[in-house]
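Sequence order for the protein chains is A and B.
If you count the first sequence from 1, position 158 lands on 158 in our numbering, and the numbers rise without skipping.
If you count the second sequence from 1, position 78 lands on 78 in our numbering, and the numbers rise without skipping.
Don't read these hints as lab results, they were simulated from the structure.
Positions of the beta carbon are idealized from the N, C-alpha and C atoms, including for glycine.
There's no promise every hint is true.
Unchecked claim - Cut-off 25 Å, straight-line C-alpha distance, at most; resulting in silico cross-link-like pairs (DSS-like, lysine-lysine): (1) LYS127/A to LYS214/B; (2) LYS156/A to LYS108/B; (3) LYS127/A to LYS222/A; (4) LYS211/A to LYS85/A; (5) LYS119/B to LYS138/A; (6) LYS147/A to LYS147/B; (7) LYS214/B to LYS212/A.
Unchecked claim - According to the in silico footprint, chain A covers these stretches of chain B (three or more CB under 8 Å from chain A): (8) 20-30; (9) 33-40; (10) 119-129; (11) 165-175; (12) 199-205; (13) 273-286.
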Amino acid sequence: MIIEFIVKELKALLKDSGFVLLAFGGPLFYSFFYPLPYAREVARQIPVAVVDQDNSALSRQLVRMMRAEEEISPIAYSSLSEAKKALDRREVFAVVSLDEDLERDVLKQVPKSVHIYTDGSYPIYYKQATTALQKAIKTVSAGVEIKKLQSLGAGKAAPLLRSPITMTAVNLYNPQGSYGNYVVPAVFVALVHQIMLIALGLRAGTLYEQKKEYPKRLKPFKIWLGKMLSLLLFMAGYFVYLFIIMYRLYGFSGGDRILEWFLFYMIFAVAAIGLGLTIAGLFKDRETPIMFIVVTSLPMLFMSGVIWPVWEMPLAIRLLRLCIPMTYGINGVVRLFVMNVSLGDILPYLSGCAILAVLFGFTSYFTIKKRYPLEM
Amino acid sequence: MKNIWHRLIRREWAFIFKRKKSCGFFMLVYPFVIMAIVLAIFSGKVLDKIPVGVVDNSSGYYSRELVRTLKSNRFLAPRPFATVEAARKALDQGRIYGVVAIDESYDKDLLKNSGAGIKAWINNEYLLVGGNLTKGLNAVVGALQAKYQRRNLAALGVPSSMEDSFAAPLQVSENILYNPGMNYIYFLGLGLLPAVLQLFICISVSYSLLWDIKTYHARRLRGIFNERPYTACAARVSFYVAGYFAVFAVMLGGVIAFFQVPIEGSLLRVVCGGAAFVFMTASTGLFFAGGTNNLRLCLSVCAVYAAPAFAYYGVSFPVQSMPILARLWAEFLPGTHLNRIFVNELLRGVNGAGTWYDILFMTAVGGVCFALGAKGYARWIKRDKYLGPQL
C-alpha cells in the first residue's frame with residue numbers, strides 16, 4: 001500500500017513540469033554556475049605598480065623578489081604620480097615606491113623605508129598584495145640583516161640572532177585558502193535545502209489551485225510517510241550528484257567520511273523536507289513560494305556561521321538560526337566532510353538536526369492532516 | 001498619453017495595495033525584513049577576539065610574556081589548554097579556531113639564542129576567521145621578535161642609536177588608501193544591498209506583469225497596448241522603478257548609518273547609480289516576462305538570474321580574478337556595477353569617470369532589455385490564446 005503510494009507520488013512529481021525543472025534543473029545548473037567564479041580558487045597575479053627611482057642592485061633585487069611572488073604581478077611606472085593615477089583607475093591595486101637613495105642609505109647604516117600604497121577598498125586584493133609585498137621586502141631585508149650580524153662576528157648564529165622565535169604555522173583543512181573550498185560545499189547544502197522548500201511550496205500551491213483530493217482510503221499518516229520517503233529518494237540522489245560526483249570533480253579537500261556524512265545528511269534531509277511541507281501548507285498558489293522563499297537563501301546562508309562567525313551575531317539571530325535545518329546541514333558538511341572531524345565531535349549539530357527532524361516531522365504531518373483530503 | 005501613465009500607475013497602485021496585498025508586503029516590507037536580518041548578522045562589524053587555544057609547555061618567564069602578549073592582541077582571545085591533544089580536539093569541535101603550542105624548551109632556547117619554537121595550527125576553512133587569526137599571531141610574534149632582536153644586538157655591542165639599521169635596514173612603510181581602517185564590513189554591507197534588491201525588483205516586476213496574463217486581467221489593457229505598447233510598459237515598470245528606488249534610498253541610508261560608511265565621493269553619482277541599477281533590474285524583469293509568458297517559469301528564471309548573483313558581484317571574490325566566462329556574466333549583472341560605484345564613490349572618492357561608465361552601461365543594457373521586453377510582453381497581451389483562463 002505504502003509502496004504503491006510512493007510510486008504514484010513519484011510519478012505525479014515527475015509529471016509536474018515545474019517541479020521537474022526545479023528538482024533536476026536546479027542542482028544541475030547551480031552545481032556548475034555557483035562554483036564558476038571561484039574556479040581560480042585564490043586571487044593571483046594582482047597588478048602592482050613599482051616605481052624604482054634608485055635603479056640600484058638592491059632595488060633591482062627587490063623587484064626580482066616581488067616578481068617571484070605568485071600573488072602579484074609588478075608593473076614598472078616611471079613616476080609616483082602616474083602610478084597613483086593608475087591606482088585611482090584600478091589598473092593596479094598597490095604602488096611600491098623605491099626611493100632614490102635606497103641602496104646608498106642601507107650601505108651607510110641608515111634605516112630605509114620602502115613605501116607601499118595599498119587599496120583598502122578591495123579587501124581581498126589588499127590582503128594578497130600587502131602580504132606578498134611585505135614578504136618580498138622582509139626577505140631582502142633579512143638578507144641584509146644577516147650579513148650585518150655576521151660582520152659583527154655572529155657567524156652561523158646570525159639567522160637565529162635575527163629571528164629568536166621560530167613560528168611554524170600550519171593552515172589546516174583549507175591550506176591554499178581556496179575560496180571555492182570555503183564557499184561551495186556550504187552552498188551545495190543551501191541549494192538542496194532551498195530547492196526542497198521551493199519545490200514543495202510550488203507543488204502544494206499548484207495542487208491547491210487544481211483542488212485535487214486524495215482517495216478516502218489514504219489516511220494522512222500514510223500520505224505523510226509516502227511523501228517523506230519519496231522525497232528522501234530525491235535527496236539521496238542529490239547527495240550522490242553533489243557530494244560524490246561534483247565534490248570529487250572540483251577536488252575540494254576532505255570528503256573521506258562519506259558514510260558518516262550520509263547519515264547526517266539524511267537526518268538533515270528529513271528536517272528540510274519537514275520544514276518544506278510545513279511551509280507549503282501556507283501557500284495557495286504556485287508562484288508565491290518562489291517569491292517568498294528564494295529571497296531567504298542569502299540570510300540563511302550567512303546565519304549558518306560559515307561566512308561570519310556565530311559569536312559575532314546578536315542573540316536573536318543566534319536563536320533564530322537554531323530553527324533552520326540549513327544551519328546544521330552546512331556545519332555538518334563543513335566539519336564532517338570538508339574538515340574530516342569525527343561524528344562524535346559534531347554531536348551538538350547532529351542532535352540539533354535530529355530535534356528539528358522530529359519537530360518538523362510532526363508539524364508537516366499536521367499540515368497534511370489540516371489540508372486533507374486536498375492534495376499537497 | 002498622460003492618461004495612459006495616470007491610469008496604469010493607479011492600476012499598479014491598486015494591484016499591490018488592494019488586489020494582491022502580498023505583493024505590497026513583498027515590495028515594501030519584506031526587503032527591509034531580509035536586509036534587517038542580514039545587517040543584524042554582521043552587526044558585530046569587526047571580527048576580533050577569535051578563540052584560540054594556548055598550550056604553554058614551557059611555563060617560564062618568556063612563555064608567560066608570550067601568553068600575555070597574545071591576550072593583549074585585539075584579534076585573539078586565548079584559552080589555556082593542558083595538552084596539544086586537548087586543544088586539537090577543541091579545534092575539531094569548533095570551540096576554538098587555532099592552537100598555539102609553546103615548546104617545552106622555549107625559555108631555554110630563547111636565552112641560548114638557539115631558536116625558540118612555537119607551533120600554530122590554524123583553522124583556515126573559515127577564511128575570514130583564519131585570516132584575522134594569522135594576522136594576530138604574526139603581530140604578536142613580530143613584536144616579541146623585534147624586542148629580543150634588539151636585546152641580542154645590544155649584547156653584540158651595537159649602540160642603541162644604530163639598532164634600527166641592524167634590526168630592520170629595510171622597513172615597510174604602508175599607507176592604506178581609501179579604507180584606512182580596513183573595515184571589511186563597509187565592503188560587505190554595501191555589497192549585500194544590490195544582492196537583496198536585485199531579486200526583489202526582478203521578481204516584483206515579472207510577477208505584476210504576468211499575473212495579469214495568468215488571470216486574464218490583461219485583456220482589459222489590450223487597447224492601450226495595441227495603441228502605445230512602449231508607453232504602457234514604461235508606465236507599468238516606472239511604478240516599480242520609483243517604488244524600489246525609494247526602497248533603495250532608505251536601505252542605503254540605513255547601511256551608511258548603521259555601519260558608519262564614509263562618503264568620500266559624490267552622493268549624486270551614487271544616487272544616479274542607484275537609479276540606473278533599479279532601472280536595469282526592472283527592465284530585466286520585463287525582459288524575462290516578455291520572453292517567457294509563463295509566471296511560474298518567469299519567476300524561476302528570475303531566481304536563476306538573481307539568486308546566485310552575489311557570487312559574481314566581486315564581493316566574495318574579485319571579478320578580475322574570475323575565469324573569463326564568469327567575468328562576462330558578472331558584467332551583465334547590475335549589482336556588479338552598483339558595487340563598483342559604491343566602492344568608487346563611497347570608499348575611494350576617485351574615478352568619477354569609471355562611475356559614469358557604470359551608470360551609462362546599466363542604463364544602456366536596461367534600455368535594450370526594456371525595448372525587447374516591452375515588444376514581447378505587448379505581443380502576449382494582443383492575443384487571447386496567450387492569456388490564462390478567464391476568471
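Hints, one by one, checked against the model:
1. LYS127/A to LYS214/B: violated (51 Å)
2. LYS156/A to LYS108/B: holds (19 Å)
3. LYS127/A to LYS222/A: It is violated: about 57 Å lies between the C-alpha atoms, which goes past 25 Å.
4. LYS211/A to LYS85/A: Answer violated: LYS211/A to LYS85/A is near 66 Å, above 25 Å.
5. LYS119/B to LYS138/A: holds (21 Å)
6. LYS147/A to LYS147/B: holds (20 Å)
7. LYS214/B to LYS212/A: Answer holds: LYS214/B to LYS212/A is near 20 Å, not above 25 Å.
8. 20-30: holds (count 3)
9. 33-40: With 4 residues in contact (Cβ-Cβ under 8 Å with chain A), the coverage given for the region 33-40 of chain B holds.
10. 119-129: It holds, with 11 qualifying residues against the three required.
11. 165-175: holds (count 11)
12. 199-205: With 3 residues close enough to chain A, the hint holds.
13. 273-286: n = 0 at 8 Å, threshold three: violated.
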